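S.K.: Please put together the full structure from these sequences, using the hints given.
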Amino acid sequence: MGPVHHDLAGGPAFEPMIQIDMEIKAFVSAWRHCDYVSTYMARMISQNRSDSVRHSSLFSSAFNELLEVAFRTRHADGELACRVSRHGATDRIELIFPCVPEERRFYEEAVSQVAGIEARERYLNSVSGDLAPSREIVLLELAVDYNATLRVEDADGDAIKLVVDLPLEGLRN
Amino acid sequence: MSPYDLLPRFKAQYDANNQEFSISGVVRPQAIDELGPSIALLRDAIGRVRGVLYVNVRRLTQMNNAAFHAFSRIIIDACRARPDLKFVVITSSVVGWTSRKFGRLSGIEPNITVEEYDSEFYPGQGFLEEGGFVPILRTQTKMTWRHERAILPRHGMRPGIVMADICCGIGDFAVLVQKEFQPSRIVALDHSISSLDYARRVMREFDIRGIEYTYGDASEMLLDEAQFDLVTCRHSLQIFNRPELILKELYRICKPGGRVYITNEKNSHCLGEPRAESIRWTYNEVAKLFGHFEMDVELGPKSRRYLIEAGFEDIRVETFMVTNLDGDSQDFADVIAAWADVYAGEMASKRGDCPEFVARFRQGFQDHIFAALHPKGYAGWPIWVASGRRPQ
Ligand SMILES: C[S@@+](CC[C@H](N)C(=O)[O-])C[C@H]1O[C@@H](n2cnc3c(N)ncnc32)[C@H](O)[C@@H]1O
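For the protein sequence lines, the chains are A and B, in the order given.
Read in the UniProt record's numbering, the first sequence has 26 at position 26, and its numbers run on one by one without any break.
Read in the UniProt record's numbering, the second sequence has 317 at position 317, and its numbers run on one by one without any break.
None of these hints come from the bench; they were simulated from the model.
Keep in mind it's a predicted model, so treat the numbers as computed, not measured.
We treat Cβ as the ideally placed atom computed from N, Cα and C, and that holds for glycine.
Heads up, a few of these hints could be off.
Unchecked claim - Counterexamples of contact, computed for chain A against chain B with all Cβ distances above 10 Å:
#1 Ala76
#2 Ser85
#3 Asp156
#4 Val163
Claimed, not checked - Sample of chain A residues at the chain B side, in silico, Cβ under 7 Å:
#5 Ser52
#6 Val53
#7 Arg54
#8 Val127
#9 Ser134
M.R.: Structural data, given as structure tokens:
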């Protein structure tokens, strides 16, 4: 099963489901916030999925990884915004967080790698490698294990917007 | 700090008898040193075992990539250092992400295999799960509902509550409860994909709202603690070889002050007139047949003891008898005919029963049907209802 592709311009209409905004300072003050936010949002948006407990568990694992990525950015100020919207079987996470231009290029690079054919290979190599998973590998894993599609979009000021589409409803074990 | 921060979020254990390392809960460390003791435990286990090390992640609800990498590395390294060693990772189909993610490991090291666990607590599953049984389950629920709708309010059922129906089957009970009592939320859980598909189809077709059908294993549910005012589990404790494990889970998800409601049979007490003797003989044999497959369909009157031993208080027990006089006596007869099909058919042959036994066994069901349809006859199927309150 390959990733689900969406037409960027004039693509399907995603219905907004839930949004959380907070000061990045407050967010990075405790690691547990990644877990809180991912667990809470996963529960809220999974209620009307056909298998709510399973959906929530999958969504929370994917979303937590993204939040951990944002956490590691450790930018001193600005806002963190998380938005979830839905179109049919796909849930879209939009994560906006402060980030300097070099980092922005890093993410653009990382996301373009995710689409590459050898993504799976590189992910497997990283699992048996010495290094703890980098942010790039974390993004790769979303594509490999959750069939996610990722992209980077423009955000106002010194910020980045990661857009991740997760077709969890159709995902088999 | 909130109380949440003080709770240990995961647990790692090693069981030397079974050569099994298990890790459960939510493992999302910021830094790997937070895992120190569990990693040391895994290393130690690897040092001790011979042959196979089982890695049980059935109840591992969450694990971030950092932790996954740390544990995987140890296992992969061990495979390389000790080619004599095999790893079997046991996942649960319920968690969703574990089978895929741990499954990748076998692509890296052939000595790592991943097995998706499915309930061993229900040896008889196959007999009842087949599609043909669906109409009978529906008729059964229709017959028991006539009684239970009046009984339920005495066991904690009221509008607005949050409830769970565990082992919900095809979901008819949840639908009837939803219509009659309007709880604010119903979570209905079962381990049969085909039953849940059926239940969801009914929900869509009849535009029913407020029921969340969930795939899960009643002996290890992913539902949070203490969240339901009422937890029902109907006709199901009796089919598990270790009902106390299920009851422990029902207790866990029930709120303190909430109630757990169970119904069970005592099959040997099914009765009828005329032809009482033959009917009695056959249902005594039904109980023995289920016993052979480690199911206790005599559980009904033991409910009180089970509830007490699970820690419940204010225990209430009552019985009711479904009879041929309740509604349509043909419904009653249809249910018996379906039982005969499964019990004297597939189950008896699986046990290896001889034709003479099967003939006599079948006769009792036929006599029960005869009694049900007889103009002066009476046929009954008794059910035990019991509930207990989880202490505050
Ligand atoms: C005898 S039926 C009772 C169904 C329903 N409560 C009723 O009264 O019609 C038992 C149910 O338990 C389910 N079951 C068996 N093993 C299970 C498990 N480990 N976890 C959850 N449900 C299970 C079966 O799929 C089946 O639907």
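S.K.: With a cut-off of 7 Å, does the beta carbon of A/Val127 approach a beta carbon of chain B closely enough for the hint to hold?
M.R.: holds (5 Å)
S.K.: Please confirm whether A/Ser85 is truly not at the interface, meaning its C-beta sits more than 10 Å away from all C-beta atoms of chain B.
M.R.: holds (21 Å)
S.K.: Mind verifying the non-interface call on A/Val163? Its CB should be farther than 10 Å from each CB in chain B.
M.R.: Since the minimum Cβ distance to chain B is about 20 Å, A/Val163 lies beyond 10 Å and the statement holds.
S.K.: Grab the minimum beta-carbon distance between A/Asp156 and chain B and tell me whether it stays above 10 Å.
M.R.: holds (29 Å)
S.K.: Please verify that hint: A/Ser134, Cβ, nearest Cβ of chain B, below 7 Å or not.
M.R.: Interface hint status for A/Ser134: violated (10 Å vs cutoff 7 Å).
S.K.: A/Arg54 was flagged as interface toward chain B. Is the shortest Cβ-Cβ separation under 7 Å?
M.R.: Since the shortest Cβ distance to chain B is 4 Å, the answer is holds.
S.K.: Once the shortest beta carbon distance from A/Ser52 to chain B is found, is it less than 7 Å?
M.R.: holds (5 Å)
S.K.: Hey, does A/Ala76 actually stay past 10 Å from chain B on C-beta?
M.R.: Answer for A/Ala76: holds, closest chain B Cβ roughly 19 Å.
S.K.: Was the hint right that A/Val53 lines chain B, CB cutoff 7 Å?
M.R.: holds (5 Å)
Hint 9 from the list above is the single one not met by this structure.
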